[in-house]
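With the hints as extra help, turn the sequences into a complete structure.
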Amino acid sequence: YSKPGEDVSEYDWSRLPQELLLHIFQYLPLLDRAYASQVCRGWNQAFHMPERRHRTKARAAFWNAEI
1 YSKPGEDVSE YDWSRLPQEL LLHIFQYLPL LDRAYASQVC RGWNQAFHMP ERRHRTKARA
61 AFWNAEI
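The sequence shown begins at 1 in my numbering and counts up by one.
Note that these hints are calculated values from the structure, not bench results.
Among the hints, erroneous ones may be present.
As the list claims (entries may be wrong) - What follows is a list of derived Cβ distance ranges for each label pair:
| no. | residue 1 | residue 2 | range |
| --- | --- | --- | --- |
| 1 | Pro50 | Asp7 | 33 to 39 angstroms |
| 2 | Leu20 | Pro50 | 17 to 23 angstroms |
| 3 | Asp7 | Tyr35 | 27 to 33 angstroms |
| 4 | Lys3 | Pro50 | 34 to 40 angstroms |
| 5 | Pro50 | Tyr11 | 25 to 31 angstroms |
| 6 | Leu31 | Glu10 | 16 to 22 angstroms |
| 7 | Pro4 | Ile24 | 18 to 24 angstroms |
Where is the CB? At the ideal position from N, CA and C, for every residue including glycine.
What follows is the structure, given as structure tokens:
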């Protein structure tokens, strides 16, 4: 977690779990997802995943997440 005023540019965003990324992607317009897919290979793979699989995988991750 970042603290107020902390520089988050040093985080390795490419290591974001794919389930979380898919959950975030579902809220982005198509063009923004296309831009985000250029960040790294993992994000590109998530972008090219079929839409139905996005929703299913993100929903499963949400309900199975440990809090």
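Hint check:
For the hinted restraint 33 to 39 angstroms between Pro50 and Asp7, the CB-CB distance of approximately 36 angstroms keeps it satisfied. Separated by about 18 angstroms at the C-beta atoms, Leu20 and Pro50 satisfy the suggested range of 17 to 23 angstroms. Between Asp7 and Tyr35, the C-beta spacing of about 22 angstroms breaks the proposed range 27 to 33 angstroms. At about 38 angstroms, the beta-carbon gap between Lys3 and Pro50 stays in the expected band of 34 to 40 angstroms.
Taking the beta carbon of each, Pro50 and Tyr11 are about 29 angstroms apart, inside 25 to 31 angstroms as hinted. Separation of Leu31 from Glu10 is about 28 angstroms and departs from the stated range, judged on CB atoms against 16 to 22 angstroms. Here the CB-CB span from Pro4 to Ile24 is close to 22 angstroms, well matched to the stated 18 to 24 angstroms.
Hints 3 and 6, counting from the list given before, are not met by this structure.
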